[in-house]
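Protein sequence lines correspond, in order, to chains X and D. Start counting the first sequence at 16; every next residue gets the next number (our numbering). Start counting the second sequence at 61; every next residue gets the next number (our numbering).
Calculated from the structure, these hints are not laboratory results. Where hints are given, some of them may not hold.
Unchecked claim - Which chain D residues face chain X? A few, computed with CB under 7 Å, are given here: (1) Leu89; (2) Tyr146; (3) Val218; (4) Gly316; (5) Val335; (6) Val350; (7) Asn361.
Ideal Cβ placement from N, Cα and C applies to all residues, glycine included.
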Amino acid sequence: MSLSGSSAANPIRAAARGRRRWRRHPLLSHRSFLFGATVLAGLAVVVAAGPALAPADPLAINPVNRLQAPNPAHWLGTDNLGRDLLSRLLYGARYSIAVGITAMVTGGVIGGLLGSLSGYSRGRAGIALGSVIDVFLAFPLELTALVLVSLTGSGLGNVILAISLAIWPGIARIVRGEVLRVRDVEFVEAARALGGRVARILRRHILGNVLAPLIVALTFNVGSAVLVEASLSFLGLGVPPPTPTWGNIANDSQKYLVVAPWGMLFSGAAVGLTVLSLNLVGDGLRDFFDPRLRQR
Amino acid sequence: MLHYLVRRLLAAVAQVAVVLVITFVLVRLTPGDPVTAYLSRVQSEATASPAYIAQIRRELALDQPLPVQFVRYIARVVRGNLGVSYTQSEPVGQVIGDQIPYTIELALASLLIAVLVGLPLGVYAGIHHGDSLDYVATAAATVSYSLPRFWIGMILIVVFAVWLRLFPVVGVGAPGSVLDVLEHLALPAITLGMAEAAYIARMTRSAMLEILREDYVRTARAKGLAERTVLLRHTLRNAMIPISTVIGLTLGRALGGSAVIETLFGRVGIGSLIVLSITERDYALVQGAVLVFAVGVFLVNLAVDLGYAWLNPRIRFT
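The task is simple: from the sequences and hints, build the whole structure.
Shown next, in the form of structure tokens:
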């Protein structure tokens with residue numbers, strides 16, 4: 016009666032307690048997480064409202080305005096075809112984030128499934144699947160994506176597919192390790208003894224224990240996917256021009272690096288800031304999910 | 061240790077076998093007919109008679125069933141024959157052999173920079189955990205790790221090659237001149253090494269923090285050892301076990317990053333060769349370069365694992 020009764024009787028005190036609890040949330044006192052999350056929130060606004068924010072058509076060529084330095088008419092300057100760089104960067108955010116998230120989801124599904132199967136299966140099947148994961152893991156991410164793009168050809172869908180197929184082994188290894196850790200715990204053995212099917216045991220009893228490291232890995236992998244997409248486009252093997260991806264903007268500005276470095280500067284900074292924010296959010300989530308790391 | 065060694069070597073052989081399957085499938089998955097692609101390079105496809113096309117198909121063993129093609133491919137690779145590059149008009153093995161030293165040179169130089177910068181930074185941040193310099197070092201490492209390598213490279217080119225004119229931009233330098241080679245190597249190696257230094261610093265800091273919390277470190281302090289001895293003999297020495305693995309993996313990552321860096325700085329090497337062969341659709345070269353590259357990365361990983369076993373008594377004495 017006394018505690019609940021007093022809270023109900025005193026809504027101001029209850030609200031204050033709620034605010035204190037909110038303020039005490041470990042993630043909200045994690046400065047790097049807060050920084051990363053704030054930047055990502057801003058980026059989400061840019062992605063959602065890109066066309067409304069862009070001052071010009073990102074594909075509109077205007078040779079008269081080519082290679083202009085930042086000025087009141089073109090806040091971030093123009094490229095070699097006179098296209099407004101701010102507009103191209105704002106639209107570019109959509110492509111980069113779309114590639115990052117879609118590749119993360121696809122790679123996460125493939126890696127999650129194969130990782131959990133290889134971790135859960137006993138005997139030769141588990142070992143064989145684990146070895147396959149190890150083999151793919153040995154290939155550097157950028158190189159794998161590069162080779163896969165050579166097979167599939169350039170284009171948004173193909174780039175996403177190539178990056179997804181490049182990032183799944185890393186995710187699979189983490190999931191595999193976590194499943195190996197959990198699969199012999201008593202509650203999983205009990206579910207097995209009760210005759211539970213593999214898919215059900217994985218879904219109901221193991222997934223929940225794997226979720227935290229998986230979320231952290233997926234966050235880092237969005238950043239990796241954004242970086243790889245930018246590198247592929249920079250090499251001319253990613254999304255074909257004139258699509259304004261950040262990598263394409265850097266590639267376009269490469270030849271004019273000395274006379275007009277702003278295209279390279281701003282596009283690289285956009286990639287760097289996005290990846291940095293994702294890494295900081297990943298760091299924060301990792302610290303949050305692993306209590307041993309909270310003190311560091 | 062012997063058991064571990066044998067098991068690890070067998071795993072490496074299995075990995076190479078899987079890579080052979082992948083590189084074989086790689087070319088078979090490419091859209092279009094390889095003979096048509098080959099003819100479109102060497103002569104007008106329209107002028108090639110069906111008999112000539114059939115002859116090439118026979119010569120390339122493309123008229124055989126896939127399992128037969130695979131066995132012949134393996135037999136060819138085992139003999140060191142990786143095919144002929146039609147863009148370079150030379151055996152693939154020779155093209156790769158000519159260019160691989162430049163990639164190894166770049167990877168080793170970047171690794172050296174990464175270790176020289178990342179290791180002290182990580183050790184310092186780990187020991188002085190929580191102070192302002194730890195935050196600066198950790199923040200610098202996180203930022204550096206997040207930046208695209210091509211962007212770091214372009215900024216270095218503008219500042220050190222264009223504005224200050226300290227280093228050349230393109231090429232690998234004259235083979236006989238050590239100074240010229242080093243001048244050409246500096247900017248690409250720094251570009252590649254910076255991101256890796258950040259990775260090593262992060263991992264070293266983490267390993268130091270982990271070891272500093274161990275009971276034996278507390279015991280060492282409790283029995284009155286000097287802090288320097290505690291840090292050098294008990295902490296850093298044990299932290300070096302995971303750090304050595306990270307350093308080894310860095311070499312593999314540096315090899316992977318060579319494609320962008322070699323292309324950006326106009327250097328020859330396996331990375332730029334793969335990019336060139338992809339844009340030119342020279343699949344024999346892609347296949348050969350990927351195979352050699354993968355075997356190289358596996359060898360590095362094998363050396364890392366064996367080094368880890370040698371450094372770690374828990375594996376060495378089992």
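- Query: When the hints from earlier in the document are held up against this structure, which numbers fail?
  - Reply: Violated hint (a single one): 2; every other hint is consistent with the structure.
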